[in-house]
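Chains as they are written, first to last, in my numbering: chain A, -14 to 169; chain B, 1468 to 1964; chain C, 2 to 82; chain D, 85 to 606; chain E, 12 to 267.
Don't take every hint at face value.
Far from chain D by the CB rule (all over 12 Å, computed), these chain B residues [said to hold, decoys possible]:
#1 L1522
#2 L1682
#3 S1835
#4 E1879
#5 I1883
#6 P1913
#7 E1922
#8 G1946
#9 D1950
List time: in silico PhoX-like cross-link candidates among lysine-lysine, alpha-carbon distance up to 20 Å [to be verified]:
#10 K295/D <-> K38/E
#11 K1843/B <-> K1831/B
#12 K1628/B <-> K295/D
Hints in this document: simulated from the structure, not taken from any laboratory.
Note that the Cβ used here is the ideal one computed from N, Cα and C, for glycine as well.
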Amino acid sequence: MREFFESYIVPYFNFWVYVILMMIGMFAMITKNNLIKKLIGMSIFQTAIILFYVSLGVKDGATIPIYFHEHKEESHAEGTSEDAHHKEEESSHESVGPGILTDAERKQAHLEAGDHTPHGEAAGHAVNPDEFTNPLPHVLMLTAIVVGVATLGVALAVCQLIYREFGTLEESEILTQIKQSNHG
Amino acid sequence: METSVHSWIPLWACLASLLAVIPIVVLRKEPFLREGATFVAGAVKLVLVLSMLPLVLGKKTAIECTLFQITDQLSISFRVDGLGLLFALVASSLWIVTSLYSIGYMRGLNEHSQTRFFAFFAVSLSATLGVAFSANLLTLYLFYEMLSLSTYPLVTHHQDKEARTGGRTYLCYLLGTSIAFALPALIFCYAKTGGSLQFAPEGFLAGHVGHVAALCLLLLLTFGFSKAGLMPFHSWLPAAMVAPTPVSALLHAVAVVKVGVFCILRVFTGVFGLEFLKELDIASVISWVAAFTVVVSSLIAMSQDNLKRRLAFSTIGQLSYIVLGVSLLSYHAVAGSMMHIAMHAFGKITLFFCAGAIFVATGKKYISQLNGLGKKMPFTMGAFAIGAMSVTGLPPTGGLWSKFYLIWGAAEAGQIVLMCVYLVSSVLNGVYFFPIVYRAFFKPLPEGEMPGLKEAPTACVIPLTVTAVGSVLLFFVPGLLLDLANLMFVSTPPVTP
Amino acid sequence: MIWQFDIIILIFLVITAVISLRVRDLLSASMIFGVYSFLICLLWAEMGAVDVAFTEAAVGAGVSAVFLIATVFNTNRRSSD
Amino acid sequence: MADQSPVIVVVAPLFAALLAGLIGMREKRACLPLTLLGLVVSLSAAIVLFRRVLAEGEVRYFLGGWDKPLGIGIELRIDTVNGLVLIVIAIVSLISAIFSFRPHGQRDTEKNMHFYILFLLLCAGLFGITATADAFNLYVLVEVSSLTSYALVAMGSLRRGTVAAFNYIIMGTIGASFYLLGVGYLYMQTGALNMEGIRVVVNQPDVLASKAVLVAFVFILTGVWIKTAFFPLHGWLPNAYAYAPTTSSTLLAPLMTKVFVYVMIRIMLSVFGLVWVFEHLSWSHIVVWLSVIAILAGSIIALTQTELKKMLGFLIIAEVGYMVGGAWLADEGLWGFKGAIYHIVSDAFMTSCLFIAAGIFYRRHDCHDIASLDGAFKRMPLTMTGLLVGGLAMIGVPPTCGFFSKWYLIRGGIDSGHWGYVVALIISSLVNAVLFFRIFEIAFFGKKPVEHADHGDSHGHGEEHAPAPAEPTGQAPMPTALVALMLSAGFILLIGIFNGQIMEWISLTVDPLNPFTKTPPL
Amino acid sequence: MGMRILGFIAVFVTGALLTYGVADFPKWGDPHSPANAGEVSTYFIQNTKADTHVPNIVTAVLADYRGYDTMFETVVIFIAGVAIMAILRVLATIPPGHQPVQYDPRKKIAYDPIISVTCRLIVPVIQLFALYVVAHGHHSPGGGFQGGVILGASFILIAITSNLRSALRRFSEKRFIFIACAGALIYSGFGLTTLLFGRNFLDYGVLSKIMFDTDEVMARSHSMLGVEIGVMLTVTAIMFAIYANLSSRGALRGGL
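Kindly produce the complete structure, drawing on both the sequences and the hints.
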């Protein structure tokens, strides 16, 4: 039992919660009678997916995907000294590793481009990718959040329209009214 | 017929009537000019078809042209050979006659929407010629469907309840069978042969399909082209008799039904090839279906009192003659069935013209009302007698020759029972036609009826006289037709048992 | 990232989600949905997705809730389920 | 500018929409010319692009110039398949724009500016969906097109349209979210968002059996199927299209479902690869049987409808069944697959033609019932001709394009031995025949056919005295509407006649990827 | 009831699928999972600085590497605004039977001067903060989008605390449509300009030719700021437009 717990539940806890949230949201979207409730369900559904994406990009021991400024370097090293050690170890064999870019080239380009302000280690050493969380899911999810609010807005507008036409937001009552108008 | 030349004449022959639609519609306010356009188009068409005769008959070359290349093997293209030319000749020559007749008929009855009538008439003629000249199964199917659709407004011309049900039956049968049976068969052939649907004397399917597949395809194609009126897909034909008589005459004695049997002829000769079918030994299924249709339709025809319906059932029987003939696979039977297309066309169109003329003159539709008409309408009823003789197969009419060939072919194939079917049904033909002639000439006119009765308008009488004369002429000069039919056998030696 | 914190927020997330869907007063539902958004925004900040968290704070907890409330005011506050 | 043509196709309508927003506030009449201008620019760019594709092969375009390594930036990739679809979208939307000369059926008649902005952005979204080679970018553009289409549906003046729009939003969001989730799973397993990048990783032996990739595929497919209205997931479509404003439905109906079928095909082709889909997965039988159900259900429900647009809606569902089934036939020569792509093209024009005709009738009659068409042949011969051409194409009468798409699809069915599919296709053609001839009959005869007791004595009326049905209440059709109708009818015939050429183009892309031929897929 | 069963089935199937997939997931927080160690994200982390000179990787990816996505994201927001206006806005000509109910919310909700005055004081601060968020998006979390939402929220706050009319006086309908279009046009205009210089769409590097004393890398950085400002304008305008329409049932009168 404990083993199951440790191998299935704990390492995937975020994923399990996202599954639960998604099911809650979807269930509400399908079964709720009130249209606003459906929309709340829809938003929960969408945030569940965003939660999934963001959880993807998490790295143990990594920090937010913003390069440190020079003046912040110290405080950072103080705060997470363990991280710094880790980083140093990694970066030493990372620079000779099979990176997709040739670091020398990049640096050269950088210098030629006239960058005279070396910020932190970015200018000096190649950045160790394990140091920052994966930025790509964040970018994608910014878009997804925007899409979510846009959809919510449009749906709310349609809700108001439905209320204007039918005087109610309960799906069952709306369907009854439609049926009546079809017969009458 | 191995050689071929390229020429656009078939296309123009086909387009002649289609293009005539434009002047017909434009001149809709001027009835005389409008009908003049029809005539001009008919004449042009006939001349174009005739102009191909020397090349095809004399030099024994086929005429080809390709409209669109669809894939490297598949195209919409025309190829004029003996059979196609024979059919085109019949259809285009009878169109002119029918046009004259329809003018008389439509004016005589003061029908509505005459422009639409003439326009769609022209379109259906184009489709008919398209079928006749098709070089492959796809082109054939294309024009076949075009014909079904373009005749619908003609069949339902009266736009009343009866026309509506008739038209519905008509389309249900024709479109239904072609989509449900012919189209899948077509694609199946296409898949089997690897992309070719070109008619070939030895059959393009030969060697590509096995026994069972061939039988399925044969059945699908034969019933798919249900314009041939083979039972059990025949009931559209009586239903289509709600149409004005010229339509019944041209379309349901010549164009539509003959397109049906023409397609079946093509299926036998071009798709499978007679040799291949003989090898597979599957054609007898069709023979028996056709024989059944011949006998049953003759029996039904006897019980019909409505003149046009009787003619319709007679047509069903005669069409099955042709199908039966080709399914016998023997040389004379096949040649006979090709000739029968023409012979029956002339005979049956005369009969329909007569029925229409009677209706225009007297308003009578039923056989029991025809007593004594022969004295008042000698031309009409005389022509009727000749037509009846031709369809029955009595001299001196052309019908004799085709029946003679068919019966000979049956004997040649060793099918004595089927030969008897021909003979018996010929007798039945006589039984259901001659009482009408007898009634018209020898029974007295009912007392006090129609004192001012006289012949139908001249425009009606001339065409029926012409076609009756034509039937008789074909008795004396059947050579042309026979030559054209023979062309189909030049490359492959006649199949003998 | 502190996983204990993480798990607490996740559990609260589920609870708020369920409550916001169960409450029959739509205005309360909208407010609780705002709380839900705020929690999830905390979660993201804690997972290192600061930009996403910022956006969610502005959009989900802020503007979305306002839109919902605006609509609830203009329609019906009661829900049958 | 030929180098930049891929992006011009997408952004031209976008610029036009933004300009319409800027100018339209002051000068409402500027919106339509701007719409036409934007679409014409797109169309010409699409044609230039397609010629380039034919000349050079696949065209790749890297936005922002980020071309290496693969997937850093967003890539547009145009081959003959989506080049063709781009042209089709451009033409159909142009036709629809011509038709929308005076928008009709909206609640508020003063909203031309909003309408045209949404119209253009929908086009931009569809162009983008078609052109992109990035799985996430596809999602964003799906949302662009979805949001606009929700609004276009909700603008309708009918009361039920609002409810339809709401259902559309719910279903559409579920569909898009499922797609997004699937892309997330793929990203988790492959670390790539570029379609080619994903395909390379997915087809590696160690990822091949991954459960997560399978789940990703199921989610993406379900999401796309919801958007295409594949049968059990079709609930949103008929009402949404039937109660949308006339002018909106002429754009939505031909394009939305078709573009999403294209998305499915693109996913099979580029994201997972046909090897993965047909050989690793081997689900084609299940999907084809599902499509058989879709075809039959769509056709049979269509039979029971009394409203023209709703009936057409159910026919679209059947047509979607054709395409999905065809794409999954997995026959040796991929005829079904290519036929499905060809059917995207032909169905777009068929639906466009039919919906434009239905729109003209609606404008004229203020009523959707089929029964109101009585005697329409007499009153509106041109419109009926358009409907006739569209109907014949739906039935599959040669030489319309509907015939040839059935031809290729049935051939695929025969080759792969899916007889159920072939039979379903034929049954649906027959049902279409019944449906359309019912309409033609009503239009030809009139509701109450004139009784001729006996022809012998009642041949009273000449050509001029034909029975005139009661004049309908609505407005006469605009000449531009007729032009649009004739254009789409013309294209139905053109595409039918040149089907060989189109199939050749499609084969250029599909054949090299065929997993069943000996040459190893790229 | 049928809907409930359907819902259960759908949710159950989805849940089963999700559970099935979880087994293959990489461990949570694993830095070497395919997504985290993938070529693409590694590239972003390692090269953003050199390529764009922007410390916030998310901003760089958002506005440059995946700028095309973000352009359409802006368009999505723009669409949402236009769509809501298309759906809800009641213009001069209203067909009979569609008259919105006239009501005055003031009668129901008490008007509180304290809140009103406090907010009036807060609003400038909020707006200043919004501008800071946009301007500082390169270095810290934030950017055009977040800033735009906050700026929009400040107008919404005015509308809530005093009334819609006074908010609309500052930000009328014509104005917000214009600004929304202009914002999106600024973004796509950057793309168009790069096209005119013969480079690919949104390839900002080439803009160094028209920017004073910049190299390609700095041109990217500056262009990103420009683009973010465009995003901000659109988002501000649309957020307020959505609120204004939703709160007044499309009449742009009355409000909450």
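Hint check:
1. L1522: 28 Å, holds
2. L1682: Given a closest Cβ separation of 17 Å, the condition holds.
3. S1835: The assertion about S1835/B holds, with a minimum of 16 Å to chain D.
4. E1879: Given a closest Cβ separation of 38 Å, the condition holds.
5. I1883: 40 Å, holds
6. P1913: Holds, because the least Cβ-Cβ distance between P1913/B and chain D comes to about 16 Å, which exceeds 12 Å.
7. E1922: 17 Å, holds
8. G1946: Answer for G1946/B: holds, closest chain D Cβ roughly 37 Å.
9. D1950: Consistent with the label, D1950/B stays out of reach of chain D, its closest Cβ about 33 Å off (over 12 Å).
10. K295/D <-> K38/E: This hinted pair holds, its Cα atoms lying about 15 Å apart.
11. K1843/B <-> K1831/B: Judged against 20 Å, a Cα distance of about 14 Å means the pair holds.
12. K1628/B <-> K295/D: 63 Å, violated
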